[in-house]
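Asks: In the order they appear, the protein sequences are chains A and B. In this text, residue positions in the first sequence follow my numbering: the first is 1, and each later residue adds one. In this text, residue positions in the second sequence follow my numbering: the first is 1, and each later residue adds one.
Hints in this document: simulated from the structure, not taken from any laboratory. Where hints are given, some of them may not hold.
Pairs of lysine to any residue residues, derived as SDA-like cross-links and limited to a Cα-Cα distance of at most 20 Å, are as follows [said to hold, decoys possible]:
(1) LYS22(A) - LYS52(A)
(2) LYS40(A) - LYS68(B)
(3) LYS57(B) - GLN45(B)
(4) LYS41(A) - ASP84(B)
(5) LYS71(B) - LYS42(B)
(6) LYS22(A) - LYS40(A)
(7) LYS41(A) - LEU11(B)
(8) LYS42(B) - ARG110(A)
(9) LYS40(A) - GLU5(B)
(10) LYS40(A) - SER12(B)
(11) LYS37(B) - ALA3(A)
(12) LYS67(A) - GLU53(A)
(13) LYS9(A) - LEU40(B)
(14) LYS44(A) - GLY41(B)
(15) LYS22(B) - THR78(B)
(16) LYS36(A) - GLU39(B)
(17) LYS9(A) - LYS36(A)
(18) LYS36(A) - ASN57(A)
(19) LYS36(A) - ARG110(A)
(20) LYS44(A) - LYS104(B)
(21) LYS44(A) - GLU102(A)
(22) LYS40(A) - GLN6(B)
Per label pair, the in silico range of CB-to-CB distance [what the hints assert, rightly or not]:
(23) THR10(B) - ASN62(A): 15 to 25 Å
(24) THR59(A) - GLU56(B): 31 to 41 Å
(25) LEU83(A) - GLU79(B): 41 to 51 Å
(26) SER65(A) - LYS42(B): 20 to 30 Å
Every value quoted in this text rests on a predicted model; they were computed, and no experiment measured them. Ideal placement from N, C-alpha and C gives every residue a C-beta, glycine not left out.
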Amino acid sequence: DTAVSQTPKYLVTQMGNDKSIKCEQNLGHDTMYWYKQDSKKFLKIMFSYNNKELIINETVPNRFSPKSPDKAHLNLHINSLELGDSAVYFCASSQGVGGSTEAFFGQGTRLTVV
Amino acid sequence: GENVEQHPSTLSVQEGDSAVIKCTYSDSASNYFPWYKQELGKRPQLIIDIRSNVGEKKDQRIAVTLNKTAKHFSLHITETQPEDSAVYFCAALRGSGYALNFGKGTSLLVTP
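With the hints as constraints, model all of the structure from the sequences given.
Replies: Here is the structure:
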């Protein structure tokens, strides 16, 4: 009965590789997000989607490409991985106007680029 | 800008004492202010939230106050327990919606 699930939980890869992270929510929410948490624990919005449509793209390099095949899924594909991409990536979802209610987070994907 | 400033960055209290974390925000159109608790290696989880039409909200040992005029909001934890030890984040929903701006977090340590 996991509300927001993302896979994989850990991802270790070499520089230059391409990788994907998948996210699914079973809460019926309209809005989904990707947040990045760096080594200093700062949580920063990367993308938000509402009903499969991109609403926010927060000056993220275009090596990062989100895709929302339906409103329950929001995947993140990263091309040409760099050392600085190492972080924990959280998917989240929420409901309400503009996502104005509780955001539920997935368990996070710890990406390590070596 | 849409910054959220949070203080202090670390806070150490004795069990049973109170803890207060303060945040300020810059987006005057923000109307939703949640607080999240993140334990080590876990996901952020909502502990309390407040909307702009309310000045204070309480849930057992946790309370949040909001001063919209001053653009300040604060988290108050009373009778702290060791299990309250975690990183706490304040956030403000952007006035345009669809994203929370988070503070940089407060690492709270409650010592027995």
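Asks: Next, verify each hint and record whether it holds.
Replies: Hint by hint, here is what the structure shows:
no.: 1; hint: LYS22(A) - LYS52(A); in the structure: holds (15 Å)
no.: 2; hint: LYS40(A) - LYS68(B); in the structure: violated (29 Å)
no.: 3; hint: LYS57(B) - GLN45(B); in the structure: holds (18 Å)
no.: 4; hint: LYS41(A) - ASP84(B); in the structure: holds (18 Å)
no.: 5; hint: LYS71(B) - LYS42(B); in the structure: violated (30 Å)
no.: 6; hint: LYS22(A) - LYS40(A); in the structure: violated (24 Å)
no.: 7; hint: LYS41(A) - LEU11(B); in the structure: holds (16 Å)
no.: 8; hint: LYS42(B) - ARG110(A); in the structure: holds (11 Å)
no.: 9; hint: LYS40(A) - GLU5(B); in the structure: holds (15 Å)
no.: 10; hint: LYS40(A) - SER12(B); in the structure: holds (18 Å)
no.: 11; hint: LYS37(B) - ALA3(A); in the structure: holds (17 Å)
no.: 12; hint: LYS67(A) - GLU53(A); in the structure: holds (9 Å)
no.: 13; hint: LYS9(A) - LEU40(B); in the structure: holds (15 Å)
no.: 14; hint: LYS44(A) - GLY41(B); in the structure: holds (17 Å)
no.: 15; hint: LYS22(B) - THR78(B); in the structure: holds (15 Å)
no.: 16; hint: LYS36(A) - GLU39(B); in the structure: holds (17 Å)
no.: 17; hint: LYS9(A) - LYS36(A); in the structure: holds (14 Å)
no.: 18; hint: LYS36(A) - ASN57(A); in the structure: holds (13 Å)
no.: 19; hint: LYS36(A) - ARG110(A); in the structure: holds (10 Å)
no.: 20; hint: LYS44(A) - LYS104(B); in the structure: holds (9 Å)
no.: 21; hint: LYS44(A) - GLU102(A); in the structure: holds (17 Å)
no.: 22; hint: LYS40(A) - GLN6(B); in the structure: holds (14 Å)
no.: 23; hint: THR10(B) - ASN62(A): 15 to 25 Å; in the structure: violated (36 Å)
no.: 24; hint: THR59(A) - GLU56(B): 31 to 41 Å; in the structure: holds (36 Å)
no.: 25; hint: LEU83(A) - GLU79(B): 41 to 51 Å; in the structure: holds (44 Å)
no.: 26; hint: SER65(A) - LYS42(B): 20 to 30 Å; in the structure: holds (28 Å)
The structure does not agree with the numbered hints 2, 5, 6 and 23 stated previously, though it agrees with the rest.
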